[in-house]
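Protein chains in written order, with UniProt numbering: chain Z, 1 to 451; chain L, 1 to 461.
Do not take every clue at face value.
[To be verified] The calculated DSS-like cross-link candidates involving lysine-lysine, where the alpha carbons are at most 25 Å apart (straight line), are:
(1) Lys132(Z) / Lys308(L)
(2) Lys247(Z) / Lys132(Z)
(3) Lys305(L) / Lys152(L)
(4) Lys308(L) / Lys134(Z)
(5) Lys167(L) / Lys152(L)
(6) Lys185(Z) / Lys330(Z)
(7) Lys414(Z) / Lys134(Z)
(8) Lys247(Z) / Lys359(Z)
(9) Lys132(Z) / Lys305(L)
(10) Lys322(L) / Lys425(L)
(11) Lys122(Z) / Lys305(L)
(12) Lys12(L) / Lys93(L)
[Stated by the list, open to error] Computed from the model, here is a short list of chain Z residues facing chain L with C-beta under 8 Å:
(13) Asp29
(14) Val43
(15) Pro46
(16) Thr59
(17) Arg62
(18) Lys63
(19) Thr66
(20) Gly67
(21) Lys70
[As the list claims (entries may be wrong)] Only some residues are given here: those of chain Z computed to face chain L with a beta carbon under 7 Å:
(22) Tyr20
(23) Ala322
(24) Ser323
Just so you know, the hints here were simulated from the structure itself, not pulled from any lab data.
Even glycine gets a Cβ: it sits at the ideal position worked out from N, Cα and C.
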Amino acid sequence: MTHHSPHIPDVEGDRLEVLYEDKKPPYEDAEAIAEANRCLYCVDAPCIKACPTAIDIPTFIRKIGTGNVKGAARTILSQNLLGKSCGQVCPVEVLCAGACVYNDWHRDPIKIGRLQRYAVEKALAEDPQIFKPKAPTGKRIALVGAGPASIAAAGWLALEGHEAAIYEKKLLPGGLNTLGIAPYKMKVEDALQEITWVLSLGNVELFQGVEIVPVSGSPEEVSASALLRQYDAVFLGLGLGPDSRLKIPGEDGGGVVGATHLIERLKADPTLRFKGVDRVIVVGGGNTAVDVAHELALLGIDATMLYRGGEEDLSAYEHELASGRVDGMKVLCERSPVAVLRDNMGKVTGMRVIRTEDKKPVAGTEEDLRADLVVVAVGQSRMTEVARSFPGVELDMRGRVIVDPKTYRTGNPKVWSAGDCVNGGKEVVNAVGEAKIAVTSMHAYLMGVGA
Amino acid sequence: MADLSIDFAGIKSPNPFWLASAPPTNTGDQVMRAFDAGWGGAVWKTLGNPIVNVSSRFGGIDYGNTRMMGLNNIELITDRPLEVNLREIREVKRRYPNHAVITSLMVETKEEWKEIIQRAEEAGSDGHELNFGCPHGMCERGMGSAVSSEPKVLREIARWAVEFATKPVIVKLSPNVTDIVEPGEAVLESGAHGISLINTIKSIMAIDLDRMVPLPRVGNASTNGGYCGPAVKPVALHMVGELTRHPYVAKLPISGIGGISNWRDAAEFIALGCTSVQVCTAVMHYGYRIVEDMIEGLNDFLDSKGMKSILDLRGRAAPQYKNWGELDLGYRVVADISTDKCIGCQLCYVACMDGAHQCIHLPGRTEEQARKAGHTHIPKLIPDRAVTARGGAPGARVPFVDDDECIGCNLCQLVCPVSGCITMKEVPSGKPNESWNDRVQRGADFVPGGLHVTEVERAKR
Ligand SMILES: Cc1cc2nc3c(=O)[nH]c(=O)nc-3n(C[C@H](O)[C@H](O)[C@H](O)COP(=O)(O)OP(=O)(O)OC[C@H]3O[C@@H](n4cnc5c(N)ncnc54)[C@H](O)[C@@H]3O)c2cc1C
Ligand SMILES: Cc1cc2nc3c(=O)[nH]c(=O)nc-3n(C[C@H](O)[C@H](O)[C@H](O)COP(=O)(O)O)c2cc1C
Ligand code: SF4
Ligand code: SF4
Ligand code: SF4
Numbered sequence: 001m002t003h004h005s006p007h008i009p010d011v012e013g014d015r016l017e018v019l020y021e022d023k024k025p026p027y028e029d030a031e032a033i034a035e036a037n038r039c040l041y042c043v044d045a046p047c048i049k050a051c052p053t054a055i056d057i058p059t060f061i062r063k064i065g066t067g068n069v070k071g072a073a074r075t076i077l078s079q080n081l082l083g084k085s086c087g088q089v090c091p092v093e094v095l096c097a098g099a100c101v102y103n104d105w106h107r108d109p110i111k112i113g114r115l116q117r118y119a120v121e122k123a124l125a126e127d128p129q130i131f132k133p134k135a136p137t138g139k140r141i142a143l144v145g146a147g148p149a150s151i152a153a154a155g156w157l158a159l160e161g162h163e164a165a166i167y168e169k170k171l172l173p174g175g176l177n178t179l180g181i182a183p184y185k186m187k188v189e190d191a192l193q194e195i196t197w198v199l200s201l202g203n204v205e206l207f208q209g210v211e212i213v214p215v216s217g218s219p220e221e222v223s224a225s226a227l228l229r230q231y232d233a234v235f236l237g238l239g240l241g242p243d244s245r246l247k248i249p250g251e252d253g254g255g256v257v258g259a260t261h262l263i264e265r266l267k268a269d270p271t272l273r274f275k276g277v278d279r280v281i282v283v284g285g286g287n288t289a290v291d292v293a294h295e296l297a298l299l300g301i302d303a304t305m306l307y308r309g310g311e312e313d314l315s316a317y318e319h320e321l322a323s324g325r326v327d328g329m330k331v332l333c334e335r336s337p338v339a340v341l342r343d344n345m346g347k348v349t350g351m352r353v354i355r356t357e358d359k360k361p362v363a364g365t366e367e368d369l370r371a372d373l374v375v376v377a378v379g380q381s382r383m384t385e386v387a388r389s390f391p392g393v394e395l396d397m398r399g400r401v402i403v404d405p406k407t408y409r410t411g412n413p414k415v416w417s418a419g420d421c422v423n424g425g426k427e428v429v430n431a432v433g434e435a436k437i438a439v440t441s442m443h444a445y446l447m448g449v450g451a
Numbered sequence: 001m002a003d004l005s006i007d008f009a010g011i012k013s014p015n016p017f018w019l020a021s022a023p024p025t026n027t028g029d030q031v032m033r034a035f036d037a038g039w040g041g042a043v044w045k046t047l048g049n050p051i052v053n054v055s056s057r058f059g060g061i062d063y064g065n066t067r068m069m070g071l072n073n074i075e076l077i078t079d080r081p082l083e084v085n086l087r088e089i090r091e092v093k094r095r096y097p098n099h100a101v102i103t104s105l106m107v108e109t110k111e112e113w114k115e116i117i118q119r120a121e122e123a124g125s126d127g128h129e130l131n132f133g134c135p136h137g138m139c140e141r142g143m144g145s146a147v148s149s150e151p152k153v154l155r156e157i158a159r160w161a162v163e164f165a166t167k168p169v170i171v172k173l174s175p176n177v178t179d180i181v182e183p184g185e186a187v188l189e190s191g192a193h194g195i196s197l198i199n200t201i202k203s204i205m206a207i208d209l210d211r212m213v214p215l216p217r218v219g220n221a222s223t224n225g226g227y228c229g230p231a232v233k234p235v236a237l238h239m240v241g242e243l244t245r246h247p248y249v250a251k252l253p254i255s256g257i258g259g260i261s262n263w264r265d266a267a268e269f270i271a272l273g274c275t276s277v278q279v280c281t282a283v284m285h286y287g288y289r290i291v292e293d294m295i296e297g298l299n300d301f302l303d304s305k306g307m308k309s310i311l312d313l314r315g316r317a318a319p320q321y322k323n324w325g326e327l328d329l330g331y332r333v334v335a336d337i338s339t340d341k342c343i344g345c346q347l348c349y350v351a352c353m354d355g356a357h358q359c360i361h362l363p364g365r366t367e368e369q370a371r372k373a374g375h376t377h378i379p380k381l382i383p384d385r386a387v388t389a390r391g392g393a394p395g396a397r398v399p400f401v402d403d404d405e406c407i408g409c410n411l412c413q414l415v416c417p418v419s420g421c422i423t424m425k426e427v428p429s430g431k432p433n434e435s436w437n438d439r440v441q442r443g444a445d446f447v448p449g450g451l452h453v454t455e456v457e458r459a460k461r
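Hey, can you work out the whole structure from these sequences and the hints?
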């Protein structure tokens, strides 16, 4: 058995993301212990139920309080291999911390995310060997995509003694966890460091720049059928596709960009600069729109979210909107884009919008807004073609991979799937939680139990 | 993975964590749930002639945000019929043969001791713990802590137990004695096989100021109860220490009890010489689940120190427990305040000003201001150091220590809310390594300034 230790390329310096400060900086020992000792160690704790990976939160927090930081990390990671990222990027305000009993008592909830990050970072820095993989089983699993779903799945499979091979079409692994998360939550290096650790848990291979396609036409492509042939099982962690478009006049050409594409460049592209960009319109009312507008505002750019519903319809989290507004981001509701305006050189000058009522345009209320850049954050397309190329894998009306919710197994008995491509786009922690269910089921199948 | 298993006077246990004889070991169902959670052994709630308990019976003491830093109780021994307890003990042993089940016992007459020991052994008990510690109710009947404070009686009853028992006999001592060594020696002389300590400390928990009745209140009156929980750990450690440094008593295995709540507490008792540790209050507070952290934490701790088993840790700290007269008078530390951790609360400053030696100063003050504030010794340089910690308020100052004047008392370090902010750094004192005993020996134990001054004055008159 050969053990490949995957080499993950370094990201180059001087990217815009390095300009951002951590909004929730890591705890120092004294801070962590003080916060840990505030936790009541609840029984049947509401915070556990609110965590999609069901981390035993009171137990890990108590262990921090007793100085058993390694044990705390073990408690976290045995439920959630991406416990470090999750501690940084989870919307804890609506998950674990949002459920903490302190809320009802009008006191600050326990800072669960920051404690989680503290425990994992500190324990792994002192001794990365928290888990030992089981004896090799000889089973080989292919994972498509290297986002949180696949990374977590590969880690758990490796710990069970299986061989995992991850195929990622991009050059950097991690999916949106590496390339989509707002830089004031987590930087690219952090995400990559965690991935390196997960991949070191056992026998995991990572192929970067290799795309899984219905029919292969080049060496950078591998066909679905080849995977099914060569591996004992397949895991689909495809995520979502490219940014959706507005389909309005003037959209084509420079100066109009998809939200996740822009964030990816902000995080990883050292050539990106916003020269001559003073005003930006971000179209959309979800968390991605808030993220972009917030990130741009922090760079000193006048950024306005444009949304066709009312304030109360915004699907973005309240805490994200509030913190974006503190940093200068603006929100303009009840407006719908009509056209992107350009000067005779083709340069974007603004956007024509129309007022809306109940999300419907009101005739004769058009107005022109100035902008040098338009960012489109109205959702992402689905990776339907790749998914369909695995015989038996079916998609629902909204292009999501259909799985059995108890096992995350698809219509093809050799194929499991989890993450955004199944849930339509949630959080990192959901992808990890679903991947865990999928791995449990896949492992039982591979070992001939309950198959 | 270190080996956590222990052999306590022949009683085998998968780990050193035992439940103390108390409400958590009231019933077979509880003990079995505890074993499932990871506890290595249980000392059954004291058996004897059933008693009647009062209500209420617990009192708690809070400190700051910490609930139940101490607990007291006026509960007596088991109030369940002996038959029921014995049947359940048998069942537990049948289902958990590798866990330690120890029967805590307390009766009055020699015949009763004989009978209860035999009945407990028939039920499968792995050993007996003689409850000579209960400080309320039972001592008034001549049992419990009354026995611990009468070494002769203790020795005699323990001898009976050793004679009647085929299993190891552990004597559980009360802390309510002037010198724990006396009952300790009595145990040794009795031929018993082990010692456990401490039982609870006589206490009055609080007074209900509206009703003017001490707590816990039973109707319109109360009585003194037994104090336990985190607050008693220092007392327990000291008593354990007294026995583990005794040249002969220390040969007996000792089970440490008192305020143990986590792996660190347990490790401390073991480092001082205990073989097993027993827990009551922490389980009453948080449940059996705390044992996960205890096992994991102790195991990781042993691994991190390269220790392979409990035996490697046991007694490691005992030789360093000395009499005052043996301490090095030449050793010196001074406080050192970290400028990046300080949050500028100035608690160290006021503690040192009013409670110690006035050697912590506020920066940015003139000599005149410092004198006005009460400093009699002014350091040569008064620096200007602003707080840089994230937690600090802008403009707040980091106090500084006048090294030459600091006597290294530790007070500032103890009051500083930011652990790790004030450290005590070793500095050369310019004095030889020498203890008070050394001085006595070489006749240099005279320190001027005492009563002799008056004597000299008197002689002059
Ligand atoms: C802007 C933005 C901000 C977000 N912020 C947060 C946040 O703060 N907190 C949070 O918890 N969640 C956040 N999320 C959501 C989170 O990023 C996703 O839920 C999570 O990354 C989903 O993981 P996944 O593995 O399912 O998919 P992805 O992360 O999308 O990963 C899928 C991977 O598969 C690869 N791939 C796809 N098709 C193929 C193929 N055919 N062959 C090879 N490789 C392929 C892709 O390149 C990608 O690397 C955010 C999302 C966005 C868009
Ligand atoms: C409510 C209560 C009941 C107790 N009952 C007994 C008992 O029956 N027999 C006994 O030997 N000790 C008894 N104890 C004392 C405990 O076993 C233990 O020695 C003491 O509580 C100190 O340990 P801790 O600080 O972990 O609680 C009791 C303690 C409490 C709080
Ligand atoms: S994984 Fe996320 S939701 Fe779960 S406890 Fe950690 S921070 Fe909270
Ligand atoms: S709900 Fe809050 S206090 Fe209770 S265990 Fe969870 S984090 Fe701790
Ligand atoms: S007590 Fe600690 S934090 Fe407060 S001023 Fe002194 S050193 Fe700073």
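Evaluation of the provided hints:
no.: 1; hint: Lys132(Z) / Lys308(L); verdict: holds (19 Å)
no.: 2; hint: Lys247(Z) / Lys132(Z); verdict: violated (52 Å)
no.: 3; hint: Lys305(L) / Lys152(L); verdict: violated (43 Å)
no.: 4; hint: Lys308(L) / Lys134(Z); verdict: holds (23 Å)
no.: 5; hint: Lys167(L) / Lys152(L); verdict: holds (23 Å)
no.: 6; hint: Lys185(Z) / Lys330(Z); verdict: holds (20 Å)
no.: 7; hint: Lys414(Z) / Lys134(Z); verdict: holds (22 Å)
no.: 8; hint: Lys247(Z) / Lys359(Z); verdict: holds (17 Å)
no.: 9; hint: Lys132(Z) / Lys305(L); verdict: holds (20 Å)
no.: 10; hint: Lys322(L) / Lys425(L); verdict: holds (22 Å)
no.: 11; hint: Lys122(Z) / Lys305(L); verdict: holds (18 Å)
no.: 12; hint: Lys12(L) / Lys93(L); verdict: holds (13 Å)
no.: 13; hint: Asp29; verdict: holds (6 Å)
no.: 14; hint: Val43; verdict: holds (7 Å)
no.: 15; hint: Pro46; verdict: violated (17 Å)
no.: 16; hint: Thr59; verdict: holds (7 Å)
no.: 17; hint: Arg62; verdict: holds (6 Å)
no.: 18; hint: Lys63; verdict: holds (5 Å)
no.: 19; hint: Thr66; verdict: holds (4 Å)
no.: 20; hint: Gly67; verdict: holds (6 Å)
no.: 21; hint: Lys70; verdict: holds (5 Å)
no.: 22; hint: Tyr20; verdict: violated (17 Å)
no.: 23; hint: Ala322; verdict: violated (21 Å)
no.: 24; hint: Ser323; verdict: violated (18 Å)
Checked against the numbered hints above, the structure violates hints 2, 3, 15, 22, 23 and 24; every other hint is satisfied.
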